[in-house]
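Asker: Sequence:
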Amino acid sequence: AGYAIVAVDPVAPPVPLFRRIPFEDLTEPGPFAAVVASLAMHHVGNLSRTAQRIMELLVPGGRFILEEWDRERLLDETTARWYFHQRQAAAATGLLAEHAPLPPHYEEWRRSWLADHGDLHGYTAMRAQLMAPFRERFFTWRPYLYRYALHESLEPLERALIEEGAIQVTGFRWVGERNPPS
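Under our numbering, the sequence shown has 59 at position 40, and the numbering climbs by one with no breaks.
Take the hints with a grain of salt, since some may be wrong.
Ranges of calculated distance between the beta carbons of each label pair, as one might list FRET restraints [as the list claims (entries may be wrong)]: (1) Glu183 with His124: 19 to 29 angstroms; (2) Arg146 with Ile24: 26 to 36 angstroms; (3) Pro50 with Leu114: 39 to 49 angstroms; (4) His124 with Pro33: 36 to 46 angstroms; (5) His124 with Ala20: 48 to 58 angstroms.
For the record, the hints were derived by calculation from the structure and aren't laboratory data. Every residue gets a Cβ at the ideal spot worked out from N, C-alpha and C, and that includes glycine.
Please take these sequences and the hints and turn them into a complete structure.
Answerer: Encoded structure:
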(Lines of atoms letter the chains of each structure in order from A; the text may use other names.)
(Lines give C-alpha, C1' and ligand atoms only; values in the text may rest on other atoms or scores of the structure.)
Protein backbone atom coordinates (compact mmCIF):
# COMPACT_ATOMS: atom_id res chain seq x y z
CA ALA A 20 0.00 0.00 0.00
CA GLY A 21 3.02 2.27 -0.31
CA TYR A 22 4.09 2.24 3.34
CA ALA A 23 7.71 1.86 4.41
CA ILE A 24 7.85 -0.58 7.32
CA VAL A 25 10.37 -1.08 10.10
CA ALA A 26 9.74 -4.14 12.26
CA VAL A 27 11.25 -4.43 15.73
CA ASP A 28 11.58 -7.77 17.49
CA PRO A 29 14.57 -9.00 19.51
CA VAL A 30 13.97 -12.59 18.36
CA ALA A 31 12.99 -11.85 14.74
CA PRO A 32 14.41 -13.78 11.83
CA PRO A 33 17.60 -12.23 10.40
CA VAL A 34 16.03 -10.37 7.46
CA PRO A 35 16.45 -6.69 6.51
CA LEU A 36 12.88 -5.74 7.49
CA PHE A 37 13.56 -6.47 11.17
CA ARG A 38 15.63 -4.66 13.75
CA ARG A 39 16.61 -7.43 16.18
CA ILE A 40 16.57 -5.22 19.26
CA PRO A 41 14.19 -4.37 22.11
CA PHE A 42 11.80 -1.58 21.10
CA GLU A 43 13.34 0.69 23.74
CA ASP A 44 16.63 0.55 21.79
CA LEU A 45 15.14 1.61 18.43
CA THR A 46 17.12 4.52 16.97
CA GLU A 47 15.18 5.04 13.72
CA PRO A 48 14.53 8.78 13.43
CA GLY A 49 10.95 8.62 12.15
CA PRO A 50 8.59 10.26 11.84
CA PHE A 51 6.08 7.48 11.28
CA ALA A 52 2.37 7.61 10.52
CA ALA A 53 1.73 4.69 12.87
CA VAL A 54 3.28 2.40 15.42
CA VAL A 55 1.67 -1.02 15.67
CA ALA A 56 2.37 -3.24 18.67
CA SER A 57 0.94 -6.73 18.72
CA LEU A 58 1.30 -8.74 21.91
CA ALA A 59 4.63 -7.20 22.79
CA MET A 60 4.15 -4.25 25.13
CA HIS A 61 3.36 -6.41 28.15
CA HIS A 62 7.06 -7.41 27.97
CA VAL A 63 8.75 -3.99 27.73
CA GLY A 64 10.70 -2.83 30.73
CA ASN A 65 9.56 0.76 31.12
CA LEU A 66 6.09 1.56 29.78
CA SER A 67 6.32 5.32 30.35
CA ARG A 68 9.64 5.60 28.53
CA THR A 69 8.26 3.45 25.72
CA ALA A 70 5.19 5.69 25.40
CA GLN A 71 7.47 8.73 25.19
CA ARG A 72 9.56 7.07 22.48
CA ILE A 73 6.42 6.23 20.48
CA MET A 74 5.29 9.87 20.79
CA GLU A 75 8.68 10.99 19.45
CA LEU A 76 8.44 8.60 16.50
CA LEU A 77 4.92 9.61 15.42
CA VAL A 78 3.90 12.52 13.25
CA PRO A 79 1.32 14.83 14.87
CA GLY A 80 -1.96 12.97 14.54
CA GLY A 81 -0.07 9.67 14.07
CA ARG A 82 -1.66 6.52 15.44
CA PHE A 83 -0.47 4.04 18.02
CA ILE A 84 -2.29 0.73 17.47
CA LEU A 85 -2.11 -1.73 20.32
CA GLU A 86 -3.27 -5.36 20.32
CA GLU A 87 -2.72 -6.84 23.78
CA TRP A 88 -4.00 -9.05 26.55
CA ASP A 89 -4.51 -8.49 30.24
CA ARG A 90 -2.64 -11.01 32.37
CA GLU A 91 -4.49 -9.67 35.43
CA ARG A 92 -7.79 -11.07 34.14
CA LEU A 93 -6.23 -14.51 33.87
CA LEU A 94 -5.84 -14.33 37.65
CA ASP A 95 -9.61 -14.81 37.86
CA GLU A 96 -10.07 -18.36 39.16
CA THR A 97 -12.82 -19.41 36.74
CA THR A 98 -11.08 -17.94 33.71
CA ALA A 99 -7.77 -19.54 34.65
CA ARG A 100 -9.40 -22.95 35.22
CA TRP A 101 -11.18 -22.77 31.86
CA TYR A 102 -7.92 -21.90 30.13
CA PHE A 103 -5.98 -24.65 31.92
CA HIS A 104 -8.53 -27.30 30.98
CA GLN A 105 -8.56 -26.13 27.35
CA ARG A 106 -4.77 -26.45 27.35
CA GLN A 107 -5.06 -29.95 28.80
CA ALA A 108 -7.50 -30.92 26.05
CA ALA A 109 -5.21 -29.45 23.40
CA ALA A 110 -2.24 -31.32 24.86
CA ALA A 111 -4.21 -34.58 24.84
CA THR A 112 -4.87 -34.14 21.12
CA GLY A 113 -1.23 -33.32 20.34
CA LEU A 114 -1.85 -29.66 19.56
CA LEU A 115 0.62 -28.44 22.23
CA ALA A 116 3.64 -30.36 20.99
CA GLU A 117 5.86 -27.24 20.80
CA HIS A 118 5.19 -26.25 24.41
CA ALA A 119 6.61 -27.68 27.60
CA PRO A 120 4.44 -30.37 29.14
CA LEU A 121 1.63 -29.07 31.31
CA PRO A 122 1.61 -29.93 34.99
CA PRO A 123 -1.15 -32.47 35.62
CA HIS A 124 -3.01 -30.39 38.22
CA TYR A 125 -4.48 -26.91 38.00
CA GLU A 126 -2.91 -25.67 41.26
CA GLU A 127 0.57 -26.70 40.15
CA TRP A 128 0.08 -25.07 36.73
CA ARG A 129 -1.21 -21.85 38.31
CA ARG A 130 1.77 -21.56 40.69
CA SER A 131 4.14 -22.17 37.78
CA TRP A 132 2.32 -19.71 35.52
CA LEU A 133 2.37 -16.98 38.17
CA ALA A 134 6.09 -17.54 38.78
CA ASP A 135 6.84 -17.33 35.06
CA HIS A 136 4.51 -14.40 34.25
CA GLY A 137 4.56 -12.28 37.38
CA ASP A 138 6.68 -9.56 35.80
CA LEU A 139 4.44 -8.95 32.77
CA HIS A 140 2.50 -5.72 32.54
CA GLY A 141 -1.27 -6.00 32.76
CA TYR A 142 -3.97 -3.73 31.39
CA THR A 143 -3.97 -1.39 34.40
CA ALA A 144 -0.29 -0.56 33.98
CA MET A 145 -0.55 -0.28 30.21
CA ARG A 146 -3.57 2.04 30.49
CA ALA A 147 -1.86 4.30 33.06
CA GLN A 148 1.64 4.42 31.63
CA LEU A 149 1.60 3.45 27.96
CA MET A 150 -1.78 4.61 26.65
CA ALA A 151 -2.32 7.71 28.81
CA PRO A 152 -0.28 10.20 26.73
CA PHE A 153 -2.40 9.55 23.64
CA ARG A 154 -5.88 10.66 22.68
CA GLU A 155 -7.98 7.50 22.59
CA ARG A 156 -9.65 6.85 19.24
CA PHE A 157 -10.83 3.26 19.70
CA PHE A 158 -11.00 0.62 22.42
CA THR A 159 -12.61 -2.79 22.68
CA TRP A 160 -12.22 -5.86 24.82
CA ARG A 161 -12.08 -9.10 22.83
CA PRO A 162 -11.39 -12.81 23.26
CA TYR A 163 -7.72 -13.66 23.42
CA LEU A 164 -7.11 -16.94 25.25
CA TYR A 165 -7.89 -19.06 22.18
CA ARG A 166 -4.78 -17.45 20.63
CA TYR A 167 -2.62 -18.17 23.69
CA ALA A 168 -1.36 -21.67 22.87
CA LEU A 169 -4.83 -22.94 22.00
CA HIS A 170 -6.63 -22.89 18.65
CA GLU A 171 -8.68 -20.42 16.63
CA SER A 172 -11.62 -22.85 16.61
CA LEU A 173 -12.11 -22.03 20.32
CA GLU A 174 -12.78 -18.34 19.66
CA PRO A 175 -16.60 -18.75 19.37
CA LEU A 176 -16.73 -20.74 22.62
CA GLU A 177 -14.55 -18.20 24.44
CA ARG A 178 -16.67 -15.33 23.07
CA ALA A 179 -19.91 -17.04 24.17
CA LEU A 180 -18.56 -17.69 27.68
CA ILE A 181 -17.47 -14.04 27.94
CA GLU A 182 -20.87 -12.81 26.79
CA GLU A 183 -22.57 -15.06 29.38
CA GLY A 184 -20.28 -13.70 32.10
CA ALA A 185 -18.80 -17.14 32.75
CA ILE A 186 -15.16 -16.11 32.13
CA GLN A 187 -13.26 -12.83 31.90
CA VAL A 188 -12.41 -11.23 28.59
CA THR A 189 -8.63 -10.92 28.42
CA GLY A 190 -7.76 -9.36 25.07
CA PHE A 191 -8.08 -5.76 23.98
CA ARG A 192 -7.51 -3.61 20.93
CA TRP A 193 -6.82 0.11 21.33
CA VAL A 194 -5.94 2.95 19.00
CA GLY A 195 -4.51 6.20 20.27
CA GLU A 196 -3.52 9.35 18.45
CA ARG A 197 -0.53 11.57 19.10
CA ASN A 198 -1.77 14.96 20.14
CA PRO A 199 -0.50 17.82 17.98
CA PRO A 200 2.21 19.91 19.63
CA SER A 201 0.87 22.83 21.66
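Asker: State for each hint whether it applies.
Answerer: Consistency of the hints with the structure:
no., hint, result
1, Glu183 with His124: 19 to 29 angstroms, "holds, 27 angstroms"
2, Arg146 with Ile24: 26 to 36 angstroms, "holds, 27 angstroms"
3, Pro50 with Leu114: 39 to 49 angstroms, "holds, 43 angstroms"
4, His124 with Pro33: 36 to 46 angstroms, "holds, 41 angstroms"
5, His124 with Ala20: 48 to 58 angstroms, "holds, 49 angstroms"
Checked against the numbered hints above, the structure breaks none of them.
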